[in-house]
Amino acid sequence: VNQPITRLFLVVMVLFAGLAGATSWWTVVKADELNTEKTDQNRRELLRGRGHPRCRRRRHRGLRP
Amino acid sequence: VSARTRELFALIPASLLVTAGFLAIFLSQESLKGVGGQDDLRDVSLTYGAIFLGLCFAAHLVIRVRLKHADPYLFPLVAVLACFGLVMIYRIDDELARQQAQWFVIGLGLFAATIIGLPDYRVLERYRYLIALGGIVLLVLPRAFPPTNGAYLSIRLGALSVQPAEFAKIAIVIFLASYLRDTRQVLVLGARRILFVTLPPLKHFGPVLAIWGAAMALLFVIQDLGSSVMFYGGFLAILYVATDRLSFPVVGLGLFAAGAYVLYQVRPTIESRVAAWRDPFDPELFNPDRVGGSYQLAQSLFAQADGGVLGQGFGQSVLDLQGGGTLLPAPQTDFIYAVIVNELGLAGGAALLLVYLLVVQRGFKVAMLARDSFSKLLAAGLTSVFALQVFVIVGGVTKLIPLTGVTLPFVSYGGSSIMANFILLALLLLVSDRARREG
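Those protein sequences? They're chains A and B, same order as listed. Counting from 1, position 8 in the first sequence corresponds to residue 8 in the working numbering; the numbering is continuous, with no gaps. Counting from 1, position 181 in the second sequence corresponds to residue 181 in the working numbering; the numbering is continuous, with no gaps.
Keep in mind that the hints were calculated from the coordinates and are not lab data. None of the values given here were measured: they were computed from a predicted structure. The reader is advised that the hints may include incorrect statements.
Said to hold, decoys possible - Pair ranges (Cβ atoms, derived): (1) Glu33/A with Ile106/B: 22 to 30 Å; (2) Val11/A with Val355/B: 15 to 23 Å; (3) Asp182/B with Lys30/A: 20 to 28 Å; (4) Leu46/A with Gly158/B: 36 to 44 Å; (5) Val355/B with Glu37/A: 32 to 40 Å; (6) Leu47/A with Ser2/B: 23 to 31 Å.
Claimed, not checked - To give an idea of the chain A side of the interface with chain B (calculated C-beta under 8 Å), a few residues: (7) Gly18; (8) Ala22; (9) Thr23.
We put the beta carbon where it would ideally sit given N, CA and C, even for glycine.
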C-alpha cells in the first residue's frame, strides 16, 4: 500500500538530482564561459577590477541590537 | 533517548548555524573590524543565536506537550532552513531581516495554534467543499489586483504584500485528500485498459478532468506556469498515491502539457517567460526594464557562475551597483538561491537541497506510517506540494524550467510563505503524531 509513496519519493529524488545537476552546470561547467566571455552582460569581473565593495547591503542601520 | 529529546538536541545545531552565520556577516563588515569590535560581534551573534534557540524551544515545548509521538526530525530540519533564510536575508537587507524575524514569530504562533486548535485534523474532512471554495477564492483573488512581473500571484494591502496561493495550496491538498479518499475505489474498479494505458470509467473521470480544467484555468487566470505546475503536480501525486495506477498521472501530465502548449500560443506572458528561459543571453531579451525579459535569469546564472564550487564567502555577492541600480533583482525572494550559490557555492546550494530532501523524506515517511487513507493522502499531498515548490523555484533560478514567482519555502523573504509553510508543518506533525501513536 506504500509502494506509490516510495516511487513518488524516487521521482522527487530524481527532480532534486536535476536541481543539483543544473547548479553544477552553471557553477562548474559553464562558470568560466559566463565569467570571462560574456563580459558585455556580466559586469562582475569589471566591478571586481574596480574594487566594488562586495559586502554592501541594501540597508544598514547598525548591527547592535 | 526519547523522540522529543532528540528533537531538542537537534535544535542546537540550527542555533549554532544562526550564530555562525551572523558572525560571518558581521566579520565581513569593514566598519566593525576595528579595535574592540570583535567582542561586540561575538555578543551580538550569540544574542541572535540565543533568541532563535529560545523561539524554537518554545515551539518544541508545544510539540512536547501536544504531540509526544510526532516525528522528531521535521521541526529541527525546518529550523535549519528558517535560520539559513534569516541569515541570508539579513545579509541582503537588515530591515527585511527584522520583518522576516517578525513573520517567523507569527509563523511559529500559527504553528502552535494549529497544533493546539486542531487536535483531530480529520475534522477538516467535514468542511472539504468549504475549504476547496476558500482555496479557489484565494487563487483567483490576485486577479483583482495589478500583476507583478506579468503574473497575478500577490495582492497588495497598503504596505503589505500577500501571496494567497501559499495558503491555497494547503486548502487544495486537504480537499483532494478527502475527495480522493472517497472516490479512489471507483476510479480503480471500473478502469479499462486501452493499449498500454489504464483509463478510469468516464463518469468518474469527470472530477479528474475538472481538476485539469481548473489547473488550465488557473494558468490562464494567474498566468504563472510554476504555480500551476505546483498545484497540478500535487494533484497528480495524490491521485497516484490514492489509486496506485501510473497511467493516471501519465495521462494527466499529457493533458497538462497539451493545455500548457495551447496557452503558450495564446498568452504573451507565458510565451515571453519561455523565450527568456530558452535564451536568457539574447541581447534583445536582456533588458532590465523589459517586463518578461531575461535580465533577471541571466543575472542569476552569472551570480551562480561567480560562486563556483565553494562560493565567494558570506556577504561577498555583488547585489547593487555603487551608483544606484540593481545587479541581481529580487535577491531576497525569487533569487535567494542564486545569492546562496554565489556566496556559498555549489557546496552550499547542494547542502540546502539536501536539507529540503530530508524534509521531503520525513514527510513521505509520515505518509507511509499513517494508518487511514485521508491521513496518508494528506501527508503525501502536502509533502509533494512542498517538494514541487522547491523544484519550481530552484529549477527556474537554475534555468532547468521556465522561471516563475514562487518562494523558496522557509528561506525566501515573505510573510505568507513562512506562515503557510508553518501551518503545513503543523499538519504533517499532527498526522505523524497520530500515526506513531496508533502504530
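Okay, the hints, checked on the actual structure:
no., hint, result
1, Glu33/A with Ile106/B: 22 to 30 Å, "violated, 44 Å"
2, Val11/A with Val355/B: 15 to 23 Å, "holds, 19 Å"
3, Asp182/B with Lys30/A: 20 to 28 Å, "violated, 50 Å"
4, Leu46/A with Gly158/B: 36 to 44 Å, "holds, 40 Å"
5, Val355/B with Glu37/A: 32 to 40 Å, "holds, 34 Å"
6, Leu47/A with Ser2/B: 23 to 31 Å, "violated, 53 Å"
7, Gly18, "holds, 6 Å"
8, Ala22, "holds, 4 Å"
9, Thr23, "holds, 5 Å"
Of the hints listed earlier, those the structure fails to meet are numbers 1, 3 and 6, in rising order.
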